[in-house]
Amino acid sequence: MLDSSFYTKADEILSKHPAQERSLIPILHEIQESYNYVPVELLPYIAKHIGISETKAYSVASFYERFSFEPKGKYIIRVCDGTACHVRQSLPVLERLRAELNLSDKKHTTDDMLFTVETVSCLGACSLAPALMVNDHVHPAMTPDKATKLLQDLREEEAKS
Amino acid sequence: MSSRRVRSHQELNTLRENFENTIKAEPVRILVCAGTGCQASGSLKVWEKMSELAKNTSVQVEFAPEIAHGENFEHPAVHKSGCLGFCEQGPLVRIEPLGVLYTKVTPDDCGEIFETTVKNKEVVHRLLYKNKITGEECFNQSEIPFYKGQTRVVLKTCGTIDPESVEEAISVGTYQALAKALFTMKPEDVIQTVLDSKLRGRGGGGFVAGKKWQQVAAQPEKTRYIVCNGDEGDPGAFMDCSIMEGDPHRMIEGMIIAAYAVGAQEGYIYVRAEYPLAVKRLTLAIKQATEFGLLGDNIMGSGFNFHLHINRGAGAFVCGEGSALTASIEGKRGMPRVKPPRTVEQGLFAKPTVLNNVETYANVPQIILSGADWYKSIGTPDSPGTKTFALTGAVRNTGLVEVPFGITPREIIFNIGGGIRGDKKFKAVQIGGPSGGCLTEEQLDEPLDFDSVKRLGVIVGSGGLVVMDEDTCMVEVARFFMDFTHRESCGKCVPCREGTLRMLEILERIVAGQGEEDDINKLRTLADLIIHTALCGLGKSAPLPVISTLNAFPEEYEAHIKDKKCPAHVCQKLKQYIINPELCKSCSKCARGCPVQAISGQPKVPYEIDQTKCIKCGACISACPFKAIYVA
Chain A
0 MLDSSFYTKA DEILSKHPAQ ERSLIPILHE IQESYNYVPV ELLPYIAKHI
50 GISETKAYSV ASFYERFSFE PKGKYIIRVC DGTACHVRQS LPVLERLRAE
100 LNLSDKKHTT DDMLFTVETV SCLGACSLAP ALMVNDHVHP AMTPDKATKL
150 LQDLREEEAK S
Chain B
0 MSSRRVRSHQ ELNTLRENFE NTIKAEPVRI LVCAGTGCQA SGSLKVWEKM
50 SELAKNTSVQ VEFAPEIAHG ENFEHPAVHK SGCLGFCEQG PLVRIEPLGV
100 LYTKVTPDDC GEIFETTVKN KEVVHRLLYK NKITGEECFN QSEIPFYKGQ
150 TRVVLKTCGT IDPESVEEAI SVGTYQALAK ALFTMKPEDV IQTVLDSKLR
200 GRGGGGFVAG KKWQQVAAQP EKTRYIVCNG DEGDPGAFMD CSIMEGDPHR
250 MIEGMIIAAY AVGAQEGYIY VRAEYPLAVK RLTLAIKQAT EFGLLGDNIM
300 GSGFNFHLHI NRGAGAFVCG EGSALTASIE GKRGMPRVKP PRTVEQGLFA
350 KPTVLNNVET YANVPQIILS GADWYKSIGT PDSPGTKTFA LTGAVRNTGL
400 VEVPFGITPR EIIFNIGGGI RGDKKFKAVQ IGGPSGGCLT EEQLDEPLDF
450 DSVKRLGVIV GSGGLVVMDE DTCMVEVARF FMDFTHRESC GKCVPCREGT
500 LRMLEILERI VAGQGEEDDI NKLRTLADLI IHTALCGLGK SAPLPVISTL
550 NAFPEEYEAH IKDKKCPAHV CQKLKQYIIN PELCKSCSKC ARGCPVQAIS
600 GQPKVPYEID QTKCIKCGAC ISACPFKAIY VA
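Top to bottom, those sequences are chains A and B.
Residue numbering for the first sequence follows numbering that gives the first Met the number 0, beginning at 0 and increasing consecutively.
Residue numbering for the second sequence follows numbering that gives the first Met the number 0, beginning at 0 and increasing consecutively.
Isolated chain A, as found in the complex (with noise of 0.2 Å):
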């Protein structure tokens, strides 16, 4: 059972959007901002409020990569995987983020909810390749070593707030 907190939440979002089927998606994703994540049980209130079904509201929300039921890290760390990307040695970088944290493409976010490293398939700064994506910021020309670094830095920019 979810806390009451998150329909008042889902209200807000809500009265934003007009009640229809084409509101999913940018309601989904304000959801998907305000938590990093979609909880499931949210679904049924969302689709009886659109008038769609709760097997649509599903079928919707488990098709889009950007939505996820799991929650998500403080940090989400989006590692290029794009051509690009690619060629200049994308996976290096994000195998370091994964040892470094613990992770691996079956855990993506750490115990302590402050970090999720994924793949993306490309950012669109291919020219600074590889990169990767620290929630909405773009960092360029990686490196293994730049990544520890990142982490790093992402940690006492943590300890400080």
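Calculated from the structure, these hints are not laboratory results.
The structure displayed is predicted, hence computed values, not measured ones.
A few of these clues could be false.
As the list claims (entries may be wrong) - Keeping only pairs whose Cα atoms sit at most 20 Å apart, straight-line, the calculated SDA-like set for lysine to any residue is:
1. B:279 with A:2
2. B:286 with A:133
3. A:73 with B:331
4. A:106 with A:133
5. A:105 with B:482
6. A:55 with B:329
7. B:331 with A:21
8. B:331 with A:94
9. B:331 with A:105
10. B:615 with A:94
11. A:47 with B:329
12. B:331 with A:48
13. A:105 with B:485
14. B:279 with A:94
15. B:331 with A:133
16. B:279 with A:133
17. B:521 with B:491
18. A:145 with B:41
As the list claims (entries may be wrong) - For each label pair, taking beta carbons as the anchor points, the in silico distance ranges come out as:
19. A:105 with B:584: 34 to 42 Å
20. A:16 with B:141: 43 to 51 Å
21. A:98 with B:121: 49 to 57 Å
22. B:195 with A:151: 54 to 62 Å
23. B:579 with A:151: 57 to 65 Å
24. B:135 with A:155: 41 to 49 Å
Said to hold, decoys possible - A few chain A residues that face chain B, going by a derived Cβ cut-off under 7 Å, partial list only:
25. 9
26. 10
27. 125
Where is the CB? At the ideal position from N, CA and C, for every residue including glycine.
Given the coordinates of chain A, work out where chain B should sit on it, guided by the hints.
Same frame as chain A, but now just chain B:
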């Protein structure tokens, strides 16, 4: 602010003149590139530093505050510009009216730039781009080889104006084409001009844009939609991203003109969620254009209404396909459907829909302003105009380029791109992303246009050019693309969902050194089947990277399958780690670092690696203090 609304063509001209004069009145104009690339290299810090210096200077760099606008109010002459294209050399800073272009600028350089260039009108030589071959300094953009070979139509003002300012867009003539269409042309004239120009869709297919418009305009159903495909999902492509970020008003103007031509009142821009900056700038551009009466109800007092919405994608490559994209805007799973009916008949919300991509719309205003004949004077007879390409990979100058159709790949890679990085040997250039293929050395002198490259078995696609050097394994590249299309397959049709998986399994086996004699035949059979039976373009083109590499590099496949060797030394599982007995000092550090106890030896006798146990992790190489271990 209703007072800012433009109510006639005349008023637009007056505004344009005012803004132009305002910009001319800026004694010094500093443009800091704020495209995704330069921002990633730290250009915002440069912009902040420049702004701070501008604020505290006695040199007059401001213009009349009553005309100044928005967030730049306090330091109006320091602007963030759209992508200048030369991302490799970023952050880029351009100073006008001198026209000097500085590369790789850091916040620490700003003080010197301010003293030397802004105050004393002299050049900071160390920040100029140096010609890689002659070593000569390049003072401005036009002297840099990277820009010399380009023809900028779509990107004409991208990088020279502040994309967050509609005033700057108006000052360089944006929305003039719209005014011309609204006040001097009938909708059918607009369609005819676009038809005559032979403008072809830049999203990959190359379908004639004017035909689409004509077909939508001819539908009995009167509710019509204009949709812009900004779901640039091809890995290795960022052209549309740069246009949306760098010159959003140009593309919006193109969409309004299309709406006027086909009688649509609503439009949607579908942008990837991975492009937050593009979303931000488009949102702002729509807001500003609406404030100025260039969008919304009664545009420029003409009585024509058009409303524009932004839909963010949610990370599905297949949404670049027309019917999947419209399904996604409708709030459904982004899955293609069987055609016909086609998008022009039943597209978004089952209404007639014009669906073009970002670059196609961005071409429209200039065609309306300068005419179809002018447009056809650029490029080739059947592929007129220019094409933007994202030039990336193993090339010296990576970045965003715009060239006329008909140019050869060699010119792009070796003249504009400056050749291969680290003086390595060119191997192939991948064009068209996961739906395309590669061009080899022998094909580099063929003209690059929609029809010529099709004859070579590849497509222009949306415009990603990934250059590969001798260190790239083409089988691995084929596996990479197959992995991508398999992951992105929506799963609706069996040939794509299962077929790409089978092909991927075979490729994974080959790169792991477990390829079988018959694998190449199997790949070809599967490819043929998928190409002919898949439901949509994503599936139909998924096998192309494999076919293309099979045709161009059969010997590489054979080396992997028969000799279990990767000629480019890329495939991890085919590598052999070997200890050079002459350099080995038997210190045992490698053996202690080996996670699987594959290394053994005795004091004073060189150590050895047991290849049957070795997992090729590379731990021994980093452990060896004498550099005695190498990869074969």
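We went through each hint and held it up to the structure:
Between residue 279 of chain B and residue 2 of chain A, the direct Cα distance comes to roughly 32 Å. Violation of the 20 Å bound is thereby established for this hinted pair. Restraint check for residue 286 of chain B and residue 133 of chain A: the C-alpha separation of about 28 Å exceeds 20 Å, so the hint is violated. The suggested pairing of residue 73 of chain A with residue 331 of chain B is violated, with an alpha-carbon distance near 29 Å, which exceeds 20 Å. Proposed proximity of residue 106 of chain A and residue 133 of chain A is supported: the alpha carbons are some 18 Å apart, at most 20 Å.
Between residue 105 of chain A and residue 482 of chain B the alpha-carbon distance is near 17 Å, which keeps this suggested pair within the 20 Å criterion. Of the supplied pair hints, the one linking residue 55 of chain A and residue 329 of chain B holds, its CA atoms being roughly 13 Å apart against a limit of 20 Å. Restraint check: the Cα-Cα separation between residue 331 of chain B and residue 21 of chain A comes to about 8 Å, which is no more than 20 Å; the hinted pair holds. Restraint check for residue 331 of chain B and residue 94 of chain A: the C-alpha separation of about 35 Å exceeds 20 Å, so the hint is violated.
For a cut-off of 20 Å, the pair hint linking residue 331 of chain B to residue 105 of chain A is broken: about 28 Å separates their Cα positions. For the proposed pair residue 615 of chain B and residue 94 of chain A, the alpha carbon gap of about 14 Å is at most 20 Å, so the pair holds. Note on residue 47 of chain A and residue 329 of chain B: the hinted pairing holds, with a Cα-Cα distance of about 17 Å set against a maximum of 20 Å. Between residue 331 of chain B and residue 48 of chain A the CA atoms are separated by roughly 16 Å; this keeps the pair inside 20 Å, and the hint holds.
Proximity of residue 105 of chain A to residue 485 of chain B is assessed by CA-CA distance (about 18 Å); at most 20 Å being required, the pair is judged to hold. Annotation: proposed proximity of residue 279 of chain B to residue 94 of chain A is violated, straight-line Cα distance about 32 Å (limit 20 Å). For the hint linking residue 331 of chain B to residue 133 of chain A, the alpha-carbon distance of about 29 Å lies beyond 20 Å, and the restraint is violated. Between residue 279 of chain B and residue 133 of chain A, the direct Cα distance comes to roughly 18 Å. Compliance with the 20 Å bound is thereby established for this hinted pair.
For a cut-off of 20 Å, the pair hint linking residue 521 of chain B to residue 491 of chain B is broken: about 23 Å separates their Cα positions. The straight-line distance between the Cα atoms of residue 145 of chain A and residue 41 of chain B is roughly 15 Å, inside the 20 Å bound, and the hint therefore holds. Separated by about 41 Å at the C-beta atoms, residue 105 of chain A and residue 584 of chain B satisfy the suggested range of 34 to 42 Å. For residue 16 of chain A and residue 141 of chain B, the hinted distance range of 43 to 51 Å is satisfied, since their beta carbons lie about 49 Å from each other.
Roughly 50 Å separates the CB atoms of residue 98 of chain A and residue 121 of chain B, a value that falls within the hinted 49 to 57 Å. One distance hint, 54 to 62 Å for the beta-carbon pair residue 195 of chain B and residue 151 of chain A, holds here, with the actual separation near 60 Å. Evaluation of the 57 to 65 Å hint for residue 579 of chain B and residue 151 of chain A yields a failure: the beta carbon distance comes to about 36 Å. At roughly 44 Å, the beta carbons of residue 135 of chain B and residue 155 of chain A sit within the given window of 41 to 49 Å.
For residue 9 of chain A, the interface hint is violated, the least distance from its beta-carbon to any beta-carbon of chain B being 17 Å, above 7 Å. For residue 10 of chain A, the interface hint is violated, since its Cβ never comes within 7 Å of a Cβ in chain B; the closest pair sits about 19 Å apart. Hint status for residue 125 of chain A: holds, given a least beta-carbon distance of 4 Å to chain B, under 7 Å.
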